[in-house]
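**Q** Here's the letter readout for the chains.
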Amino acid sequence: MQPDSHIFLFLNAFLINNFVLALFLGLCPFLGVSGKIKTAWPMGLAVTFVMLVASVCAYGINMLLVHFDIEYLRLISYIAVIASAVQLVEMTIKKFSPTLFRMLGIFLPLITTNCAILGMALFQTFNEYNFTQSLVYSLGAGAGFMLALVLMAGLREKLELAFVPDACTSAATGLMLAGLLSLAFMGFAGLGG
Amino acid sequence: MMAPMTPATDKPDVATFQEGLWKDNPVFTMLLGLCPALAVSNTAINSLAMGLASTFVLLGSSTLISLLRHAIPKQVRIASYIIIIATFVTVVDYTIHAVSLELYNALGAFIQLIVVNCIILGRAEAYGSKYPPLKTLVNSLGMGVGFTMALLAVGGVREILGFGSFFGIPLFGSSFQPWAVFILPPGGFIVLSLWLFLFAWIKQRKEKVHAA
Numbered sequence: 001m002q003p004d005s006h007i008f009l010f011l012n013a014f015l016i017n018n019f020v021l022a023l024f025l026g027l028c029p030f031l032g033v034s035g036k037i038k039t040a041w042p043m044g045l046a047v048t049f050v051m052l053v054a055s056v057c058a059y060g061i062n063m064l065l066v067h068f069d070i071e072y073l074r075l076i077s078y079i080a081v082i083a084s085a086v087q088l089v090e091m092t093i094k095k096f097s098p099t100l101f102r103m104l105g106i107f108l109p110l111i112t113t114n115c116a117i118l119g120m121a122l123f124q125t126f127n128e129y130n131f132t133q134s135l136v137y138s139l140g141a142g143a144g145f146m147l148a149l150v151l152m153a154g155l156r157e158k159l160e161l162a163f164v165p166d167a168c169t170s171a172a173t174g175l176m177l178a179g180l181l182s183l184a185f186m187g188f189a190g191l192g193g
Numbered sequence: 001m002m003a004p005m006t007p008a009t010d011k012p013d014v015a016t017f018q019e020g021l022w023k024d025n026p027v028f029t030m031l032l033g034l035c036p037a038l039a040v041s042n043t044a045i046n047s048l049a050m051g052l053a054s055t056f057v058l059l060g061s062s063t064l065i066s067l068l069r070h071a072i073p074k075q076v077r078i079a080s081y082i083i084i085i086a087t088f089v090t091v092v093d094y095t096i097h098a099v100s101l102e103l104y105n106a107l108g109a110f111i112q113l114i115v116v117n118c119i120i121l122g123r124a125e126a127y128g129s130k131y132p133p134l135k136t137l138v139n140s141l142g143m144g145v146g147f148t149m150a151l152l153a154v155g156g157v158r159e160i161l162g163f164g165s166f167f168g169i170p171l172f173g174s175s176f177q178p179w180a181v182f183i184l185p186p187g188g189f190i191v192l193s194l195w196l197f198l199f200a201w202i203k204q205r206k207e208k209v210h211a212a
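Line by line, the protein sequences give chains A and B. Each residue of the first sequence is one higher than the last, beginning at 1 in the working numbering. Each residue of the second sequence is one higher than the last, beginning at 1 in the working numbering.
By construction, these hints were calculated from the structure, which means they are not laboratory data.
16 Å max Cα-Cα, derived EDC-like pairs, lysine to aspartate or glutamate:
1) B/Lys203 - A/Asp166
2) B/Lys206 - A/Asp166
3) B/Lys208 - A/Asp166
From the structure, some residues in chain A lie toward chain B, with a derived Cβ separation under 7 Å:
4) Ala22
5) Ile76
6) Leu118
7) Leu122
We treat Cβ as the ideally placed atom computed from N, Cα and C, and that holds for glycine.
Extracted from the complex, chain B is given alone in its bound form (with noise of 0.2 Å):
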C-alpha cells in the first residue's frame, strides 16, 4: 500500500520514522483502527495506555514478521502474521493486568482486540513482509507515535469537554457544566468527525494559498 511513497533503500531515514505521524497518519489519513480510537478515548490517559499498547504490539510483531520474512510461505503469510499478533496482544494482556488492575477495568476487552486492529496487520503486509528489521522497526515507531498521537488528539478532547479536566486534572472551576455526550459514544464519532473536517479545511487553504 505504502511501499512506492518510501524510497526503495533498505536504510532507515528520517522520512521512514515521519511516514505515520502526519502524511499517512493511520487514523488521521488511512482511517484505520479507528475502533479502538473511538471506544477507549474518553480520556486522555485511556487513550494514552491505549496508544502505548498498541505500539508496542506494532513494534514487536512487525520486527519479528521482518525477521522471518524469508521463511514464511507466502500463502500462509496473513494466517502466520496474525498468531504473531496474537501472541503480543496475549503478553501486554496479562502484563497490563499485572500491573494496573483499574487499567485493565477501564479498557476492558479492547486490549484484546488489539489483534484485530488493521494497522497492525497492515504494517505487516506493507512493510515487515518486504524491508529488513531495523527499518520495520523506525517505520512501525512512527506509525505507533502518529497512533498515539491521534488517540490523545480525540481522547484530550473529549475529556476536556466530558468532564472538564486534562489527564485528571481539573481545567475549570465548580461552575462548569460537563458535556456528557462527549463521554458517551457519540461524542467519540463527533470528536473525530470535527478533527478530520478541520484537516480539510486546512489543506484546502494552503492549497489556495499556493494557487494564488
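Bound conformation, chain A alone (with noise of 0.2 Å):
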C-alpha cells in the first residue's frame, strides 16, 4: 500500500494511530460516556459527524487564511467552526431523540472541547491533506473513536459483575483497561508497511 492512499490513511486513523488509544486525544467523553454500550454508540457517531463536518470547515478556513495570509487565526477560527457544529448536532439530537440527548447529558456539549477533533483540524492541516484525504482521514479519526469507546463500554459493562478490591476506583480501572486496550492497539503498528 502507498502511504498516501486513503485506505491507508483512513486504517491510520483507524487502528494504527488511533485517536484515543495511541494518541491520547478525546480521553475525557472516553472515560465519561463508556459506561454502557448504549450510549456508547451514538456518542460515537455524533463524534464522527462533527469530525466530519469540522473536517470540511477546517480544509475551507485553511485555504481562506493563507490565501490572505493570516495562518495565526488558525486556531481560533478552527474552534469557533467547532463550537457551532456541535450546536448543531446538539439542536438535532434534542429535536428527533429527547432521551438520548438526556442520556449524553453534558458530554453532548463537551464536544467542543474534545481535543479529537481539534487535533483533527489541525492534524489534517499539518499534513497538507487535500480535500479528499481529508475526508477519509476524519472519517477514520472518528470511526476509530467509536471503536474505542464501544469496546472500553464492554470491558465496563463486563466489569460491573466482576470482584475489585475497594482501593480500585472506577476510574483507576478505566485507565487500567485503557492501558491493556492501547497495549493490544500496538500490535496494527505494522499493519500496512
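Grab the two chains, each in its own frame, and use the hints to assemble them into the complex.
**A** Laid out in C-alpha cells, this is it:
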C-alpha cells in the first residue's frame, strides 16, 4: 500500500494511530460516556459527524487563511467552527431523540472541547492533506473513536459484575483497562507497511 | 462546580491557592485535562514545559475573563471564553516556536490543543465568571501548579522506567534495561492508573485509622 493512499489514511487514523488509544485525544468522553454500550454508539456517531463537518470547514477555512496570509488566526477560527457544528448536532439530537439527549447529558456540549476533533483538524492541516484525503482521514478518526468507545463500554459492562478491591476506583480501573486496550492496539503498528 | 467549597469572601486566602494542589487536583481528583497529561508526559522535561505553558494560559485567560466578567453577556460566555483562551494559546504557541524549536517539535500539536484543555475552561466558568481578578489569579495559580505537579508525577515515573533517566540525567548504570512500554502510549494510561490506585489506597487507610 502507498503511504498516501486513501485506504492507508483510513487505517492509519482508525487503527494504527487510533486517536484515543495511541494519540491520547478525546479522553474525557472516552472515560465519561463509556459506561454502557447503549450510549457509546450514539456518542461515537455524534463525534464522527462533527468530525466530518469540522474537517470540511477546516479545509475551506485554511485555504482562505493561507490566501490572505493570516494563519495565526487558524486556532481561533477552527474552534469557532467546531463549536457551531456541535451546536447543530445538539439541536438535531434534542429534536429527534430527547431520551438520548438526556442520556448523553453534559458530554454532548462538551464535544466542543473534545480534543480529538480539534486535533484532527490540526493534523490534516499540518500534513497538508487534499480535500478527499481530509475527508477519509476524519472518517477514519471518527470511526476509530467510536471503536475505542464501544470496546471500552463492553469491557466496563463486564467489569460491573467482577470483584475488584475497594481501593480500585472506577477511574483507576478504567485507565488500567484503557492501558491494556492501548497495548493491544500497538499490535496494529506494522499494518500497511 | 467548585464554588460551594470555597468561602464566599472575595479576598484570596491560602485555601484559595491550596485548592488546586491536592483536594481538587485537576488531574488526580477531577480527572480533567488528561489528554495532554498523558500524551506529552513521556519525559520529565516535556511534562514541565507542558505544565508551565498550560499554567500561563490558565493565569492569563482566567484573569482576563474575571476582569471582563461584567461585560460578557451570559448567553455567549462560553464562546467568548474560548476565543480568549485561543488567543493566549496562540501567543504561547508562537513563543515556544521562537524560543526552542526542539521543545516545539517534541510537544507538537499538543501546544495548540491547550485550547481544549477542560481545566482552563472549567476555571473560567467556575471562578473567572464569579470572582474578582486577584482571587481568580491566586486560584488559577494553585490549579496550574497542581496540574504541573501531576504531569511531573506521571512524566517522572515514565522517564525513570522507560529511559532510566530523570530530566535527561541517567540514574542507573549501563546494565539497566529500559522498559520501553512506559514511553509508549500504554505506559501513560498504566502509570496514571497506578497513581490513582495509590491515592485511593492511602485515603482508605486514613479512613480506617480514623474509624478505629
